[in-house]
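**Q** Please construct the entire structure, taking both the sequences and the accompanying hints into account.
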Amino acid sequence: MLISHPDRRTALKALHRERILGAAQALVDERGGPQFSVDELAARADVARRTVFNHFASLDEILLTLCDRALDVLIEDFLLEVRSAEIGDGSRGCVFDEIVKTIQSADLPLAITSATRLLGGSEAPDARRRALGDAVFARAAERLLLEVARRYPEADPLESELTVATLISGVSVIAKHWAALPGDRLDAAGRAEWQRLLATLTDHARAGYLPTT
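Each residue of the sequence shown is one higher than the one before, starting from 121 at the first, in the numbering used here.
A hint or two may mislead.
Quick list of the computed label-pair ranges, beta carbon to beta carbon [as the list claims (entries may be wrong)]:
#: 1; residue 1: 168; residue 2: 246; range: 29 to 35 Å
#: 2; residue 1: 210; residue 2: 150; range: 45 to 51 Å
#: 3; residue 1: 196; residue 2: 166; range: 47 to 53 Å
#: 4; residue 1: 205; residue 2: 329; range: 28 to 34 Å
#: 5; residue 1: 168; residue 2: 211; range: 50 to 56 Å
Since the hints were made in silico from the structure, they are not lab data.
Cβ atoms here follow ideal geometry from the backbone N, Cα and C, with glycine treated the same way.
**A** Here it is as structure tokens:
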């Protein structure tokens, strides 16, 4: 069957986009961070320089897109978690528990390691990198909130958003602390420390600021 001209153009655009993203990921992996120019990226992707900007407004947008893919594990694990579970009552506590199960089971250490490398490593403390890191988790929270809304359409939208924002913002905070650890963070000790930080986050979020008794 012949493919129409619009379909061919769409397929070519998708191919170019994937080439650009694949080339950017390869350059980051080779150089240990985003140490490349647009010209180098275009050459690696075998596209014209202008083609890069036809798809992405900047190199930062490319890095954010790759970080989104790294953190897709959070969304995928949420969908797996809820697919095998009965639908709850949509209350704040129910949504909280489902998201906590997701962040406990997802391989966030690997995803965070990948995202940290994409953004220049934990040794890149400049304001732009911090802003990009915050944007990565904000975008993940938006995607997760959409899935929560699909699962619980009758839930209070404000409560759902507050629950998602609180937990994902907390993950962003502990991720910065965890990423600054020395040594191999993906070994048993590093993963155990991640679970400790995660337990601190979930306990803090669950208890809030009520006085201890």
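**Q** Against the structure, test the hints numbered earlier, and report the numbers of the ones violated in rising order.
**A** Checked against the structure, the only hint that fails is number 3, while the rest are satisfied.
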